[in-house]
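A.B. asks: Sequence:
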Amino acid sequence: MTDFGGVTPLKSVGVASLSLSKGQLYDYKGFRHELRFFKCLYFTSASQVYVSSFGISPLTANIMMMMMLMMMMIMMIMMLPLLLLLIRMMKMLLMMMMMMIKMMMMMMMLMLMMMMIMMIMMLPLLLLLIRMMRMLLMMMMMMMMMMMMVMLLLMMMVMLLLMMIMMMMMMMMMMMMMMMMVMMMMMMMMTLST
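Position 14 of the sequence shown, counted from 1, bears residue number 14 in full-length UniProt numbering, the numbering being contiguous throughout.
It is possible that some hints are incorrect.
Quick list of the computed label-pair ranges, beta carbon to beta carbon [as the list claims (entries may be wrong)]:
{"id": "1", "residue 1": "Met73", "residue 2": "Met104", "range": "25 to 33 Å"}
{"id": "2", "residue 1": "Leu82", "residue 2": "Met121", "range": "39 to 47 Å"}
{"id": "3", "residue 1": "Met115", "residue 2": "Leu83", "range": "46 to 54 Å"}
{"id": "4", "residue 1": "Met155", "residue 2": "Met177", "range": "28 to 36 Å"}
{"id": "5", "residue 1": "Met132", "residue 2": "Met164", "range": "29 to 37 Å"}
{"id": "6", "residue 1": "Met148", "residue 2": "Leu128", "range": "25 to 33 Å"}
What the hints contain is simulated information worked out from the structure, not anything from laboratory work. C-beta atoms are modelled at their ideal positions from N, C-alpha and C, and glycine is treated no differently.
Please model the entire structure based on the sequences and the hints provided.
C.D. replies: Here you go:
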């Protein structure tokens, strides 16, 4: 394993080697890639951090990592009361929400009760309405019957008229026939007299 700029080659990550001091990265085929913004820290795994630009060895980097972890732990312990307060606040919020839901339920129940009372109060009115509707229906039926009767009468009248016209036509025909007969008779008489 060759050394490039004080950093050991990294086979595990698919990177052959990198020189952070110069800002260059060599992949496992030997090609060089320029690194512009990536000069101080390079994490290979959780336990190894190479900080080549400051000349820190992996051991120092590990110690630094441990210190960072310790700091994080301390911060978390310090944050505990805040967390507890937050939990209490959340509990309060939850309780308030529950209260709100309960209130809503109560309101709904009240509304339902009111509706029921209204319905019970409305019952006589409803009955009256039904009676009125029945009356209306009866009236409508009567009207329909009347209309039917009128229609029948009209139809009968039309039929009678038609019959009358037919009769008239028949009479006319008869008259015509009679006239024809008389004419014929007259003609016959005339011929006979001559």
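A.B. asks: Now look at each hint and say whether the structure bears it out.
C.D. replies: We went through each hint and held it up to the structure:
1. Met73 to Met104: 25 to 33 Å: Once the Cβ atoms are compared, 44 Å apart, the range 25 to 33 Å for Met104 and Met73 is violated.
2. Leu82 to Met121: 39 to 47 Å: violated, 57 Å
3. Met115 to Leu83: 46 to 54 Å: For Leu83 against Met115, whose Cβ atoms are near 47 Å apart, the range 46 to 54 Å holds.
4. Met155 to Met177: 28 to 36 Å: At 32 Å between Cβs, range holds.
5. Met132 to Met164: 29 to 37 Å: Hint violated: Cβ distance 47 Å, outside 29 to 37 Å.
6. Met148 to Leu128: 25 to 33 Å: holds, 30 Å
Going down the numbered hints, you'll see the structure goes against 1, 2, 5, while the others check out.
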